[in-house]
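Engineer: This is what each chain is made of:
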Amino acid sequence: MIVPGLENVVTPETDEQLLLQLRKGNARAFELLYRRYRQPIYAFCLRLLGNEARAEDAAEETFLKLYHGIDSLVTPGAFRPWLFRIARNEALMMQRQRKNTIEAGDDTVWNDETPLTLLTGKETTEIVRELLGKLKGEFREVLILREENQLSYAEIAAATGLTESAVKSRIFKARKALAARLAPFFRERKNE
Amino acid sequence: MNCEEYQEKISRHLDSDLTDREAQDLFSHLAGCTQCRSMLHDMIQLQSVIHRSPAPEPPESLDRKVLSLPEPPFRGRRKVLSGGANLWKRRLSLPVPAAAAALLAVLLTTVLALTMWFRPAEQMKHANPEVRYIMGLPEIEVRGIPANSANGIN
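Respectively, the protein sequence lines represent chains A and B.
The opening position of the first sequence corresponds to residue 1 in the numbering used here, with each subsequent residue numbered one higher.
The opening position of the second sequence corresponds to residue 193 in the numbering used here, with each subsequent residue numbered one higher.
Hints may be right or wrong, so weigh each one.
To be verified - With a straight-line cut-off of 30 Å between C-alpha atoms, the simulated BS3-like cross-links for lysine-lysine are:
| no. | chain 1 | residue 1 | chain 2 | residue 2 |
| --- | --- | --- | --- | --- |
| 1 | B | K257 | A | K176 |
| 2 | B | K257 | A | K122 |
| 3 | A | K134 | A | K122 |
| 4 | A | K122 | A | K65 |
| 5 | A | K176 | A | K122 |
| 6 | A | K134 | A | K176 |
What the hints assert, rightly or not - Label-pair restraints from in silico Cβ distances:
| no. | chain 1 | residue 1 | chain 2 | residue 2 | range |
| --- | --- | --- | --- | --- | --- |
| 7 | A | D71 | B | A292 | 25 to 35 Å |
| 8 | B | F219 | A | T14 | 34 to 44 Å |
| 9 | B | M308 | A | Q17 | 50 to 60 Å |
| 10 | B | R213 | A | S72 | 36 to 46 Å |
| 11 | B | L300 | A | R35 | 38 to 48 Å |
What the hints assert, rightly or not - Some, not all, of what chain B presents toward chain A, calculated at C-beta under 7 Å:
| no. | residue |
| --- | --- |
| 12 | E200 |
| 13 | M235 |
| 14 | L261 |
Honestly, the hints are just simulated from the structure, not real lab data.
Each residue gets a CB set at the ideal place from its N, CA and C atoms; glycine is no exception.
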């Protein structure tokens, strides 16, 4: 399996094979799994928390739980959503500790409005990253899991505890909101 | 079906989630709807930009912290621990028959030791008074003969 961002980690074993080895006490299997997932898990935590130090803490806790709780994973095939669910829970816990809940109380997609003028003059990738950070957590997490980590709808549902139809709906709303906000930039760049 | 529903299909189309029939229906609609065609274009652009964006790299301190974790308590497994591991944290893992045999051996040894411990005292009751004196056992009077006369001391 090719995991985005981890192409440099060359190992013939699948996640499932490494999990079986880890369950037998093979420390190398843990290191390989860590090297395979360190970047996606850290990036996911960073997208959810928006703070590097807290993202590092959440990622560390995630791998600690993998290290000590591997036996609680019943289905080896569900490893990726299981790991992202742990990361999500850790991030949510940190959010709650800061009394900045990720749950949305209404149907709006944005946390706050970013004046368009603040985005002008920036690279498109930078603008997208900023706007992603402005999405409410419930929309941001599903979009990140889909676009950056290529999880399937079923895997995202398993990672977040949502139904598949809720996942599809949230991804759509996030994309639509972002696309609407970015449309002027796309037109502008096209005309340049 | 209205434009909002078709736009949700556009999103699912980007994730290859549409059936052939649904995709055909969507493209028929797109052929005649500028607004939805524009949405398709913007969503494709957005996806392309997100995929192009480099994902943030974790700091080296995370590697140091995670890769220096102590040995995990692998439950129910036989594991060879490194020499530096804490002995008190090691778990004995024996098969059931071996554990039963070991327990039986300990019990038998204990019973045998106790038997050996009490037997000399029992035997000493009937021993020669000199031996009893040497062993520090209390003197006893045998059938009316004073204890101190039994060994000829008067």
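Engineer: Find the hints from earlier in the document that the structure breaks and name them by number, from lowest to highest.
Structural biologist: Numbers 1, 2, 4, 11, in rising order.
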